[in-house]
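S.K.: Sequence:
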Amino acid sequence: MQTAPLNELIWQIVASIPEGKVATYGQIATLAGYPNHARYVGTTLKKLPKDTGLPWHRVVNARGESSFPKGSDAYKRQMERLEAEGVIFRNGRLSFSRYGIEQRP
Numbered sequence: 012m013q014t015a016p017l018n019e020l021i022w023q024i025v026a027s028i029p030e031g032k033v034a035t036y037g038q039i040a041t042l043a044g045y046p047n048h049a050r051y052v053g054t055t056l057k058k059l060p061k062d063t064g065l066p067w068h069r070v071v072n073a074r075g076e077s078s079f080p081k082g083s084d085a086y087k088r089q090m091e092r093l094e095a096e097g098v099i100f101r102n103g104r105l106s107f108s109r110y111g112i113e114q115r116p
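Just so you know, we're using the working numbering here: the sequence shown kicks off at 12 and counts up by one.
Keep in mind that the hints were calculated from the coordinates and are not lab data.
Accuracy of the hints is not assured; some may be wrong.
With a straight-line cut-off of 20 Å between C-alpha atoms, the simulated SDA-like cross-links for lysine to any residue are [stated by the list, open to error]:
1) Lys58 x Leu105
2) Lys58 x Arg109
3) Lys57 x Ser78
4) Lys57 x Gly75
5) Lys57 x Leu17
6) Lys87 x Tyr110
7) Lys81 x Thr54
8) Lys58 x Gln23
9) Lys61 x Glu19
10) Lys58 x Tyr86
11) Lys58 x Ser78
12) Lys87 x Val98
13) Lys81 x Glu91
14) Lys57 x Pro80
15) Lys58 x Ser27
16) Lys58 x Ala85
17) Lys32 x Asn72
18) Lys57 x Asn18
19) Lys81 x Arg101
20) Lys32 x Phe107
21) Lys58 x Arg101
22) Lys87 x Ile99
23) Lys32 x Gly75
24) Lys87 x Gly97
25) Lys32 x Arg109
26) Lys58 x Tyr110
27) Lys87 x Gln23
28) Lys57 x Glu91
29) Lys61 x Gln89
30) Lys87 x Asn18
31) Lys87 x Pro60
32) Lys61 x Ser78
With the hints as extra help, turn the sequences into a complete structure.
M.R.: Okay, here's the thing in structure tokens:
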């Protein structure tokens, strides 16, 4: 696997997530052509610079939750950004039927 092109593909997919919508790490990996690389997607996003314009906050885990520890600064930042885009969480989870992106082939 060539990581630089894969990283760029991951960034492009994340950049294409519309405001008010979310995708899972696994969906992004699948869309990139690497369906078993959800953790790699997480690692790639974790390495983004703090001042990135990439909408990393629109990526959640398969349960519809933030992957950050509850109460952490990153968790709070992600929740604030998603809520500002109209995403509603109930008991810490969001509805994929309402906020998930369409899975493209």
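S.K.: Could you check the structure against the hints above and give me the numbers of any it violates, in ascending order?
M.R.: 1, 2, 21, 26, 27 and 30
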